Amino acid sequence: MKIAKEKRNLAIAGALIGIIAVVLVLLGNPKNMGFCIACFVRDIAGGLKFHSAGVVQYVRPEIIGLVLGSFLISVLTKEFNARGGSSPVLRFCIGAMVMIGCLAFLGCPFRMILRLSAGDLNALIGLLGFASGVGAGSFFLSKGFSLGRTRAQAPLEGCAISLVNIILFVLVIAVPSLFAFSTSGPGSMHAPMVVSLCAGLVVGLLAQRTRMCMAGGFRDLYLLKDGTLICGFIAIFVFALIMNLATGSFKLGFTGQPVAHNAHIWNFLGMAVCGLGCTMLGGCPLRQLILAGEGNSDSAITVLGLLTGAAISHNFGLAGAAGAVADGAGLKTQGKVAVILCLLILVAIACIKTFAEKKED
Amino acid sequence: MEDKRDEMMVATFANHYGAVQFKKTVGAGCTLRPVPRSLSSSCGTCAFFEGPFLKEYVNSNLEAVYEMKDGTYIKVYEN
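Listed in order, the protein sequences are those of chains A and B.
For the first sequence, position 101 (counting from the first letter as 1) is numbered 101 according to the numbering used here, and the numbering increases by one without interruption.
For the second sequence, position 70 (counting from the first letter as 1) is numbered 70 according to the numbering used here, and the numbering increases by one without interruption.
Certain hints may be false.
[Stated by the list, open to error] Derived CB-CB ranges, DEER-like:
no.: 1; chain 1: B; residue 1: Val58; chain 2: A; residue 2: Leu344; range: 36 to 44 Å
no.: 2; chain 1: B; residue 1: Asn79; chain 2: A; residue 2: Leu344; range: 34 to 42 Å
no.: 3; chain 1: A; residue 1: Leu344; chain 2: B; residue 2: Thr31; range: 16 to 24 Å
no.: 4; chain 1: B; residue 1: Gly71; chain 2: A; residue 2: Ile12; range: 18 to 26 Å
no.: 5; chain 1: A; residue 1: Lys5; chain 2: B; residue 2: Leu54; range: 29 to 37 Å
no.: 6; chain 1: B; residue 1: Gly71; chain 2: A; residue 2: Pro176; range: 47 to 55 Å
no.: 7; chain 1: A; residue 1: Arg151; chain 2: B; residue 2: Ala28; range: 29 to 37 Å
no.: 8; chain 1: B; residue 1: Leu54; chain 2: A; residue 2: Ile12; range: 22 to 30 Å
no.: 9; chain 1: A; residue 1: Ile345; chain 2: B; residue 2: Val58; range: 31 to 39 Å
no.: 10; chain 1: B; residue 1: Glu50; chain 2: A; residue 2: Val337; range: 35 to 43 Å
no.: 11; chain 1: B; residue 1: Thr31; chain 2: A; residue 2: Thr247; range: 42 to 50 Å
no.: 12; chain 1: A; residue 1: Ala356; chain 2: B; residue 2: Gly29; range: 29 to 37 Å
no.: 13; chain 1: B; residue 1: Tyr77; chain 2: A; residue 2: Ala321; range: 28 to 36 Å
[As the list claims (entries may be wrong)] According to the in silico footprint, chain A covers these stretches of chain B (three or more CB under 8 Å from chain A):
no.: 14; segment: 8-21
no.: 15; segment: 35-46
[As the list claims (entries may be wrong)] Computed list of lysine-lysine pairs in DSBU-like fashion (alpha-carbon distance at most 30 Å, straight line):
no.: 16; chain 1: A; residue 1: Lys336; chain 2: A; residue 2: Lys49
no.: 17; chain 1: B; residue 1: Lys69; chain 2: A; residue 2: Lys143
no.: 18; chain 1: B; residue 1: Lys24; chain 2: A; residue 2: Lys353
no.: 19; chain 1: A; residue 1: Lys31; chain 2: B; residue 2: Lys24
no.: 20; chain 1: A; residue 1: Lys225; chain 2: A; residue 2: Lys7
no.: 21; chain 1: A; residue 1: Lys7; chain 2: B; residue 2: Lys24
no.: 22; chain 1: B; residue 1: Lys75; chain 2: A; residue 2: Lys5
no.: 23; chain 1: B; residue 1: Lys23; chain 2: A; residue 2: Lys225
no.: 24; chain 1: B; residue 1: Lys55; chain 2: A; residue 2: Lys31
no.: 25; chain 1: B; residue 1: Lys24; chain 2: A; residue 2: Lys78
no.: 26; chain 1: B; residue 1: Lys23; chain 2: A; residue 2: Lys49
no.: 27; chain 1: B; residue 1: Lys23; chain 2: A; residue 2: Lys5
no.: 28; chain 1: B; residue 1: Lys24; chain 2: A; residue 2: Lys49
no.: 29; chain 1: A; residue 1: Lys7; chain 2: A; residue 2: Lys78
no.: 30; chain 1: A; residue 1: Lys49; chain 2: B; residue 2: Lys75
no.: 31; chain 1: B; residue 1: Lys69; chain 2: A; residue 2: Lys225
no.: 32; chain 1: B; residue 1: Lys75; chain 2: A; residue 2: Lys336
no.: 33; chain 1: B; residue 1: Lys69; chain 2: A; residue 2: Lys332
no.: 34; chain 1: A; residue 1: Lys7; chain 2: B; residue 2: Lys55
no.: 35; chain 1: A; residue 1: Lys353; chain 2: B; residue 2: Lys23
no.: 36; chain 1: B; residue 1: Lys55; chain 2: A; residue 2: Lys353
no.: 37; chain 1: A; residue 1: Lys336; chain 2: B; residue 2: Lys23
Note that these hints are calculated values from the structure, not bench results.
On a predicted model such as this, the values are computed, not experimentally measured, just so you know.
Every residue, glycine too, gets a C-beta built ideally from N, C-alpha and C.
The task is simple: from the sequences and hints, build the whole structure.
Below, the structure is given as structure tokens:
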């Protein structure tokens, strides 16, 4: 009975989030990018001048809203709990590698679903890669993988990432000249700032209440044969699909898709890196933002890892270029090497933490 | 339909492997499930099992054990 209630809540939240995501596109966000944690964190890295890719620089209020929405609701419901200390440096590094994988594919698991709902079949390849990555991660979890137990932390430690987000938003409003703003490309396309912030707050609240997580959804399917968590993303897909069909934004195919490329192997491997890394971290990039808002400093450090990974991706030309492979889009050689290296490093970390360190527990 | 889990105990863990170890120790009558939302905002694995809770069930990854009473969880053990 309680599981049915959780599924219902996830389905309702997913439906609302799917609709909000498409509305954000109608109000100015890039196509199929109503929400994308990877893209938006990458844009924030650009806005903060951590990288100089001129077309992806904008301090996305959606991300600030997600963290603060989770922070506010968790404080109100007395679920705010400052905790951390579970391999923070490893989490930072894994977060950076997850971002490199996401930007090879051009999206996080959230955007993967939104791309799929708009008919982008490259996202289906990404989904297969993501499911494979989570499958590998689930194998390690079942064999004893853990990044270690979290411990209670001082309240200020748990609040720090939310306070940083508040300060960032105030600075963007008060002193915009401090930041970089794209004048062309995806970074220049955005819904009105207040709408974006409110959308982030609402989705942050919904995601905190329902524990929505794409990696967790697949992980629970594999390990527990439980489909509760995946319901949220199925609902996002269904309602975003309805909205895309209704607004004429649905276009089925591999080519000509917005902010996407059709380098299939790298779409698969990029999301495999993401799936494996997210399972090791205990949640997808969206979930990391929500947990950070709830007071989890391990997730906060992971978010900083994502931010750093975005800067690395663009400073070293690792991110995928949108367009058709036939026209030279996809990944450059260094991007391909980076994706393979990230995959190998993640497997190495998983093996060490599973088989070499398990006896310590 | 009656939810039999209302008569059971729930153990939470630091990681999934702790739950797997716990299930092996408890044996039949123990089921691994996602942690109920009403119990925690974390999304790990928990074990539903028939009481009583015995000390030999404890492993290093066990976090807490709850007893369900009138639809609420009462913590009876913390590791």
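Cβ separation of Gly71(B) and Pro176(A), checked against the hinted range 47 to 55 Å | 51 Å, holds
Starting from the range 22 to 30 Å, see whether the pair Leu54(B) and Ile12(A) falls in it by beta-carbon distance.
-> Since the Cβ atoms of Leu54(B) and Ile12(A) sit about 40 Å apart, the hinted range of 22 to 30 Å is violated.
Is Lys69(B) close enough to Lys225(A), meaning Cα to Cα at most 30 Å?
-> 27 Å, holds
Using the beta carbons of Arg151(A) and Ala28(B), state whether their distance is inside 29 to 37 Å or not.
-> About 34 Å separates the Cβ atoms of Arg151(A) and Ala28(B), which means 29 to 37 Å holds.
For the range 28 to 36 Å, tell me whether the beta carbons of Tyr77(B) and Ala321(A) fit it or not.
-> Check failed, 55 Å falls outside 28 to 36 Å.
Between Lys23(B) and Lys5(A), does the CA-CA distance stay at or below 30 Å?
-> Given that 30 Å is the threshold and the Cα spacing comes to 26 Å, the pair holds.
Taking 30 Å as the top limit, are the C-alpha atoms of Lys55(B) and Lys31(A) close enough?
-> Violated, at roughly 56 Å.
Given the hinted pair Lys49(A) and Lys75(B), is their alpha-carbon gap at most 30 Å?
-> Answer violated: Lys49(A) to Lys75(B) is near 48 Å, above 30 Å.
Coverage claim, chain A over the segment 35-46 of chain B, checked by counting residues with Cβ within 8 Å (three needed) = holds (count 8)
Does the structure keep Lys353(A) and Lys23(B) at a Cα separation of 30 Å or less?
-> 22 Å, holds
Satisfaction of the hinted span 42 to 50 Å by the C-beta atoms belonging to Thr31(B) and Thr247(A) | Check passed, 44 Å falls within 42 to 50 Å.
Would you say the C-beta atoms of Glu50(B) and Val337(A) sit inside 35 to 43 Å of each other?
-> Since Glu50(B) and Val337(A) have Cβ atoms about 53 Å apart, the given range 35 to 43 Å is violated.
Checked against the numbered hints given earlier, this structure breaks hints 3, 8, 10, 13, 17, 19, 24, 25, 26, 28, 30, 32, 33, 34 and 37; the rest are met.
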